[in-house]
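Residue numbers (the working numbering), protein chains in the order written: chain A, 628 to 794; chain B, 628 to 794.
Honestly, the hints are just simulated from the structure, not real lab data.
Don't take every hint at face value.
Put simply, identical chains are the same to the list, so a pair is met inside one copy or across any two.
Only pairs whose alpha carbons sit at most 30 Å apart, straight line, appear in this in silico DSS-like list of lysine-lysine [claimed, not checked]: (1) Lys-761 / Lys-704; (2) Lys-704 / Lys-748; (3) Lys-704 / Lys-731; (4) Lys-789 / Lys-734; (5) Lys-789 / Lys-674.
Protein chains: 2
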Amino acid sequence: MNDNEHSHTISVLVENEFGVLARVSGMFAGRGFNIDALSVAPTTDPKLSRITLITHGNDQIIEQILKQLNRLVDVLKVVDLSSEERVRRELMLVKIRSGNHQEKIQKILQAYSGNLLDQEKNIAILEFVQEHDKNNEVLTQLGDFEILETARSGNIAMQTGKKILAT
Amino acid sequence: MNDNEHSHTISVLVENEFGVLARVSGMFAGRGFNIDALSVAPTTDPKLSRITLITHGNDQIIEQILKQLNRLVDVLKVVDLSSEERVRRELMLVKIRSGNHQEKIQKILQAYSGNLLDQEKNIAILEFVQEHDKNNEVLTQLGDFEILETARSGNIAMQTGKKILAT
Chain A
628 MNDNEHSHTI SVLVENEFGV LARVSGMFAG RGFNIDALSV APTTDPKLSR ITLITHGNDQ
688 IIEQILKQLN RLVDVLKVVD LSSEERVRRE LMLVKIRSGN HQEKIQKILQ AYSGNLLDQE
748 KNIAILEFVQ EHDKNNEVLT QLGDFEILET ARSGNIAMQT GKKILAT
Chain B
628 MNDNEHSHTI SVLVENEFGV LARVSGMFAG RGFNIDALSV APTTDPKLSR ITLITHGNDQ
688 IIEQILKQLN RLVDVLKVVD LSSEERVRRE LMLVKIRSGN HQEKIQKILQ AYSGNLLDQE
748 KNIAILEFVQ EHDKNNEVLT QLGDFEILET ARSGNIAMQT GKKILAT
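The shape of chain A in the complex, shown without the other chains (with noise of 0.2 Å):
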């Protein structure tokens, strides 16, 4: 990213119908934005779907991004939260080769009120709940244990207090 360019959680919620979403990632793929990470489910109206998606740019780039997303058939409603007060969480899960340093993953867990989910022998599954960027730093600390894989959803984000995602 330039220095004039900032991270982008939007809220996206679309209609259940098929092929949305390839019409969404389309959209982005088809004029040069980026989606650095993204998740769709279900909501409680099973017409509905809710993409929470991360992207970056410039001031411009953000706002061609919004009206674009408007434009798309089956789009009700797309939020920025950046500019809102919200909660943004992204699951994680990290395996490491734990070996003999049980105490240091401890140690780690409880500064980020991770969990462990698993283990196997020296093979630990860790799980992180925070923001996205908060996820980045654990896997720095983690820097010495051999990473052997991420899974991530990328953040899931809402607004507080009363405003929902709603038509």
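Start from chain A and add chain B according to the hints.
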């Protein structure tokens, strides 16, 4: 889902090339396969991203999905985690009108290891991290409350032990 259809969680390792998500989701749309939920985020190797998706179908459909995924440019590895020892976790945020029912909310949080993420007057955001199906159960348990909105990651998943998603 019909009786002979099952939900499958599939991990896909992809090159972090422009438009790879559009190609993957476009293949699903083009061939009439369902995506029930999907997450994509970078791995520790900046050249690679990892997609976790939930789909459903009978054995023949799932076999087709795996075959077509493997054929896509930029797809390096595909694993159907349904037939493997694995952990599967979904992050779900639920905003409810909490009213005067703090005790009932605390009970549900305890029962599902949930977390009160935010509380503004009588609006609460609850966080749950567990399997997708178990999160559905939470929504049923919250049936007495007005659910204002939900945001979910879909399952994030990983094989346990030393097997990893790599080429």
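* Please flag the earlier hints that this structure goes against, numbers listed from lowest up. => Number 3 - this is the single hint that the structure violates.
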